[in-house]
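Trainee: Sequence:
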Amino acid sequence: MSGEGEGEVRVCKHWLRIKFCYYGDECKYLHPPDIVPSRPFTDKSKRYDGKITSEGKKKRPRVRNFSKTSVFRYFLLDKFGLQFLKSGSGVLDIAGGNGQLAFELLNLSGVPCTIIDPRKTNLQHSYKKLKIGMYWRNRIFAHYNTRSWEESLATGPINPIHYRLFFEEYLWDTQLSMDERLELHQENIKKSCLIRWTKKGLREDQVEEYEYELPQNGMGEEANQPNGVKKTKYIKNKSRAQQVTEIKEDQLEDYDAITDGEAFYINWDEKNQDAEETAPEEEQQEIDPPQQQSTDLNTSHLFQENQEPDEDIGLEKLIEAISGCSIVVGMHPDQAAGAIIDYCLAVGKPFAITPCCVYADQFPKRKLKDGTPVRTDQHFLQYLIEKDPQNILQDTLAFEGKNVVLYSNPSLFVNSIK
Numbered sequence: 001m002s003g004e005g006e007g008e009v010r011v012c013k014h015w016l017r018i019k020f021c022y023y024g025d026e027c028k029y030l031h032p033p034d035i036v037p038s039r040p041f042t043d044k045s046k047r048y049d050g051k052i053t054s055e056g057k058k059k060r061p062r063v064r065n066f067s068k069t070s071v072f073r074y075f076l077l078d079k080f081g082l083q084f085l086k087s088g089s090g091v092l093d094i095a096g097g098n099g100q101l102a103f104e105l106l107n108l109s110g111v112p113c114t115i116i117d118p119r120k121t122n123l124q125h126s127y128k129k130l131k132i133g134m135y136w137r138n139r140i141f142a143h144y145n146t147r148s149w150e151e152s153l154a155t156g157p158i159n160p161i162h163y164r165l166f167f168e169e170y171l172w173d174t175q176l177s178m179d180e181r182l183e184l185h186q187e188n189i190k191k192s193c194l195i196r197w198t199k200k201g202l203r204e205d206q207v208e209e210y211e212y213e214l215p216q217n218g219m220g221e222e223a224n225q226p227n228g229v230k231k232t233k234y235i236k237n238k239s240r241a242q243q244v245t246e247i248k249e250d251q252l253e254d255y256d257a258i259t260d261g262e263a264f265y266i267n268w269d270e271k272n273q274d275a276e277e278t279a280p281e282e283e284q285q286e287i288d289p290p291q292q293q294s295t296d297l298n299t300s301h302l303f304q305e306n307q308e309p310d311e312d313i314g315l316e317k318l319i320e321a322i323s324g325c326s327i328v329v330g331m332h333p334d335q336a337a338g339a340i341i342d343y344c345l346a347v348g349k350p351f352a353i354t355p356c357c358v359y360a361d362q363f364p365k366r367k368l369k370d371g372t373p374v375r376t377d378q379h380f381l382q383y384l385i386e387k388d389p390q391n392i393l394q395d396t397l398a399f400e401g402k403n404v405v406l407y408s409n410p411s412l413f414v415n416s417i418k
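In the UniProt record's numbering, the protein residues as written are 1 to 418.
Just so you know, not all the hints are guaranteed correct.
Once the Cα atoms are required to be at most 30 angstroms apart in a straight line, the calculated DSBU-like pairs of lysine-lysine come out as [stated by the list, open to error]:
(1) K131 - K86
(2) K28 - K86
(3) K120 - K19
(4) K13 - K402
(5) K128 - K28
(6) K402 - K129
Honestly, the hints are just simulated from the structure, not real lab data. In this text the structure is predicted, and so the values were computed from the model without any measurement.
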């Protein structure tokens with residue numbers, strides 16, 4: 001078949017590169033069966049053959065992909081179905097990172113989502129894609145979007161509920177008293193508010209006071225802007241403390257854009273009063289904030305070092321969201337991969353995760369059933385599968401890099417809601 005505007009027959013560029021095309025028979029370009037792809041995709045290796053070349057010296061290897069987040073969303077919908085994902089309190093996204101998976105599930109498929117991740121979300125790019133209709137341009141995947149572009153434009157983007165916390169055992173350990181869980185919860189809040197993401201992973205900053213934003217609203221409920229943030233400073237990186245922005249009342253209109261990103265908060269310190277009060281240039285780009293969102297920024301709690309545990313720190317609602325979720329997912333959840341599976345096996349919930357880094361140095365006691373230390377990617381996958389080998393399935397997602405997905409057998413759970 002000829003390409004648009006051309007009389008010559010053309011070969012699909014995706015077929016040339018990886019001998020794989022999402023359009024399949026509906027592609028308007030040719031898929032010669034005897035072609036030798038430049039980067040063949042093989043089931044044996046569960047990833048693309050060959051090493052991924054670096055884009056320059058001492059830079060992280062660049063991984064090409066067809067929207068990893070969207071591919072994972074399609075997988076969840078195909079395997080577990082829309083009705084099941086929407087059941088209960090919806091999807092629980094652990095280590096959700098930028099929040100893109102939860103954002104797509106909520107805004108495109110209408111699936112309620114709760115994120116648990118100590119890092120701040122960054123959905124500016126998702127807002128742009130939603131606004132210009134990029135999520136609806138591909139007819140092949142249109143059936144995965146239950147909300148139309150017109151509907152999304154009318155309501156505006158909706159932010160998923162996000163708890164800036166680590167996923168720890170006290171959140172589901174019913175053997176602990178509520179007082180014990182509250183104490184552990186406050187410690188979790190403290191740790192989460194003091195960390196920031198760096199090129200070397202999560203790092204903790206030493207400060208005596210910190211601020212915690214408490215999610216409160218439900219899906220689709222319009223969130224009120226905060227009535228004022230009392231002299232709270234935003235710092236992109238502690239080593240560059242001169243880049244400080246004080247969030248004043250007249251800046252609340254742009255509150256989301258200012259605070260989204262890899263950031264942490266500290267209470268106003270008198271010694272920083274002379275610091276430059278200008279946010280980094282990349283943080284000042286004008287982006288339309290959500291018209292509606294499910295993360296309420298109206299309630300901010302400042303916790304002191306000597307403050308006693310308070311019942312009003314969102315623990316009960318968080319426990320309800322966790323216990324009532326339909327499935328627990330993790331897209332490259334880093335150190336949380338094992339905890340996700342352990343929790344789901346303990347309480348009988350399904351999961352779907354794409355494991356990434358092994359973190360062998362942080363978990364030196366991990367061993368396979370035959371005694372082999374868990375040091376490689378294949379060891380790690382086998383270690384996770386050995387937790388329940390009869391019911392943990394394995395598949396490969398169609399993108400480069402860490403693309404193996406481990407998931408619960410859907411037949412054990414999906415029929416339970418019918």
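Trainee: Which numbered hints turn out to be false for this structure?
Mentor: Failing hints, ascending: 2 and 3.
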